[in-house]
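Here is what each chain is made of, one letter per residue.
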Amino acid sequence: MAHKLLIADDEPNILLSLEYLLKREGYQVTVARDGQEALEAVENDCPDLLLLDVMMPRKNGFEVCQALRADERFAALKILMLTAKGRDTDVAKGMALGADAYMTKPFSTRDLVAKVRDLLGGSAGAAP
Amino acid sequence: MSRQKKTDPRLWWLLGAAAAVSVLWLVATLGLIASTFGPEQRAQVLGLLGDRLALISLTWAAGMAVIAWGLKRWFDLWVTPSVQLAEEAQVLLRTDVVKPLQPKGNSETKVLVGLFNQLVTQREDLRREMDDKVREAARGIEQEKSRLGALMSELTQSVVVCNLDGRIVLYNNRARLQFRALSQSPTLADGAEMIGIGRSIYGVFDRQLVAHALESIHLRMARGAGSPSAQFVTTTRSGQLLRAQMAPVRASEAAPGEPALSGFVLMLDNVTRSFQEEHQRDQLMHGLTERSRSSLANMQTAVDMLALPDLEPEMRERFLGIVSEEVSAMSRRIADLAHTTTQGLKTRWPLEEMLGSDLLLAAQRRIEAVTGRSAPAAEVDASVWLHVDSFSLIQALTYLSARLVDEIEVRFLRLRLQSVDGRARLDLVWEGHAMSTETVMSWENDPMRFGTESTPLSVRDVVDRHGGEMWFERERLRHEAFFRFLLPLANASEQLEAAQILGSESRPEYYDFDLFQGVETDSDLDDRPLSLLSFTVFDTETTGLNPSQGDEIIQIGAIRVVNGRLLRQEAFEQLVDPGRNIPAASIPIHGITPDMVQGKPRIGEVLPAFHAFAQDTVLVAHNAAFDMKFLQLKEASTGLSFNHPVLDTLLLSAVVHPNQESHRLEAIAERFNITVLGRHTALGDAIVTAEVLLRLIPLLQENGIRTLREAREAAQKTYYARLKY
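Respectively, the protein sequence lines represent chains B and X.
Read in order, the letters of the first sequence are residues 1 to 128 in my numbering.
Read in order, the letters of the second sequence are residues 1 to 725 in my numbering.
Some hints could be false.
Claimed, not checked - Here are some, though not all, of the chain X residues that point toward chain B, as calculated from beta-carbon distances under 7 Å:
1) Q41
2) R293
3) A297
4) A302
5) M305
Derived by calculation from the structure, the hints in this document are not laboratory data.
Beta carbons are placed, not taken as given, at the ideal position from N, Cα and C, and that holds for glycine.
Extracted from the complex, chain B is given alone in its bound form (with noise of 0.2 Å):
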């Protein structure tokens, strides 16, 4: 079965071009465009992997990501926190706040497939 995935990112332009991308790679794919809307996603669709974007209207990532990890229920749930902020204070703080990788942007796709792929134990999604 094809693992769901959650994209969570203000910008459309890169949103669709991941949601594109990632569904190729054989994904079930939804998306949110902003912090409160991914909290809300992840209850309902209980996704297997998360990538957040840390700079988000409403609640942003760093919230986002620590309400996560306050609930037990998605204990399983991965996230990967996208951030185009590069300190590396931040990428300290995504991981202290539970985050299981952070990429900075910007970033090759093939880096991204990548580290999905590995966070979600080798196995890919159902080849297309």
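The hints should help you fit chain X onto chain B, whose structure is shown.
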């Protein structure tokens, strides 16, 4: 001399003793002789002598007279002169009277007198020498003080010196301007309600903040730090950001264990603007890094998708759209950045504010000196203030002029200055030949040379230093050509500050070091000597004499007197819109016409500033009851109560000169020989009143009136006061 006629009582005693001794001797002699006689002989001798008793008495009296005369002579010659000499010497010893003692008495006493006189002369010489030395030293100190004051007043750093009570002992012009910017009503009191000699610095800074800084200085001093100082940044009530650096003023003679401070120096920087610039720079950095990263990420991902071989045409279109959208967003961002950086963030070279016409004048002189050609400044916008490094800019102008004259034989040069689109245009114009772009480029980029002197700078460097630009342009029609420099303008507040610095002609006195000695702040104001009080001497001009019937204040003028000095720099002068007509009959008196008060603040705005100006002082006015009535009638509407102690120079004058007919201000001023300038403006009258007050204080002292309480009580008792109240 009357003293000489008085006979010394000891003379009488001696005389009495001599009489008694002689009588005793006579009686003893007679008795001895009588004891050798038989009874008959004794009766016979007694009979013989008894008849001649008067004769015996006579010789005895004659003998006594001789003795008395001798004694008197002896006293006059030996005793009395010594006694008198002692008295006179006492006078010389105990008082400052200097007069030679008269030689008298015997020759030994005369020698003593001579010695005394020599000693007195010697003492006087010593005393005079000492006085001279003291005066010399005092003059030296005075000179040093005024040199320090002069130095401070010219400093572009703002400096405030306070004593340990936080009272301002010294401040400079720059500080005054800075405080003016902090004032909530800067146009009214000119900031003088915040900064002034003897005022408390705690009106501006939080007491705790200053105390904390002082404490850390104490700690550092205790640790033996060489130059202990402390720093703090604070926001003021008007929202400005000030950085203050504090250094101690050490006490010259501190007892061990005592605090070795007698005050502190604050150096103030208004960092509001640089802080804002810093903030702006941060935002730019943020824009450059984070937002660009996002954009790049968006592009990168879209490009990766575009690289997929099996992309549907429709998706390809969308990804291409994303790429071009992000590219234009990035371009926009970079254009914005470039725009903002050229507007102020780029220039790091320390530039000064300068009036454009001053710069041109200086440049003109320099060009004329170097090239021998005149370079008049024509078409100059006199209101343009520049933000420039005047030295290097004048060098560049001179260098270009010299090359024009030397290499293309230009004869007529001209300077031109305008302000266009937020930048200054400074043109060096000449008539005749134009030149090629290559020539211009080489003139621009060659290191500047003046005769044999060369500088490492090129004209281009100078232009870059200003964040400006420079080019060559031709006006064919007028057969002219010019180099045009685009230069930054000074911003509005800097223009104002610089204008004010230029405006102060004489060097103002902004210090009173006597305040370091500390004022007895703990004693009740009423019991403090008049000479140590701070006064606000003021005067009002009004539409008429009856405030209760609608007359209003149209001008307030005030001046401060602190520690017995009139502080001319710390004045308050404000026209007030009375909100009613000004009776034509009153205009000749105060000279204020309705159009002068038009657009001026109303009394409700002016009184708070005046109240702040007069804070912690004694209010003084001539016929104060009149002015106070106007102020007090406004208490309800402004909520400000003028409950300061009040002194009236009219009443005080009546105390000092009860027999004078007139106590009008003019009459008193004449009596004291005070030159009256600008009489019948509120400030002019206030200054005259202050001069009067300063002359009244010593006269009051002579009458035993020293403290504020005594002055108020004495004033109440005068005829004039009884007439009024």
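Cross-check of the supplied hints:
1. Q41: violated, 148 Å
2. R293: holds, 4 Å
3. A297: Holds. Min distance 3 Å.
4. A302: The hint holds - A302(X) has a Cβ within 7 Å of chain B, the shortest such distance being about 5 Å.
5. M305: Holds, about 5 Å.
Consistency with the previously given hints fails for number 1 only.
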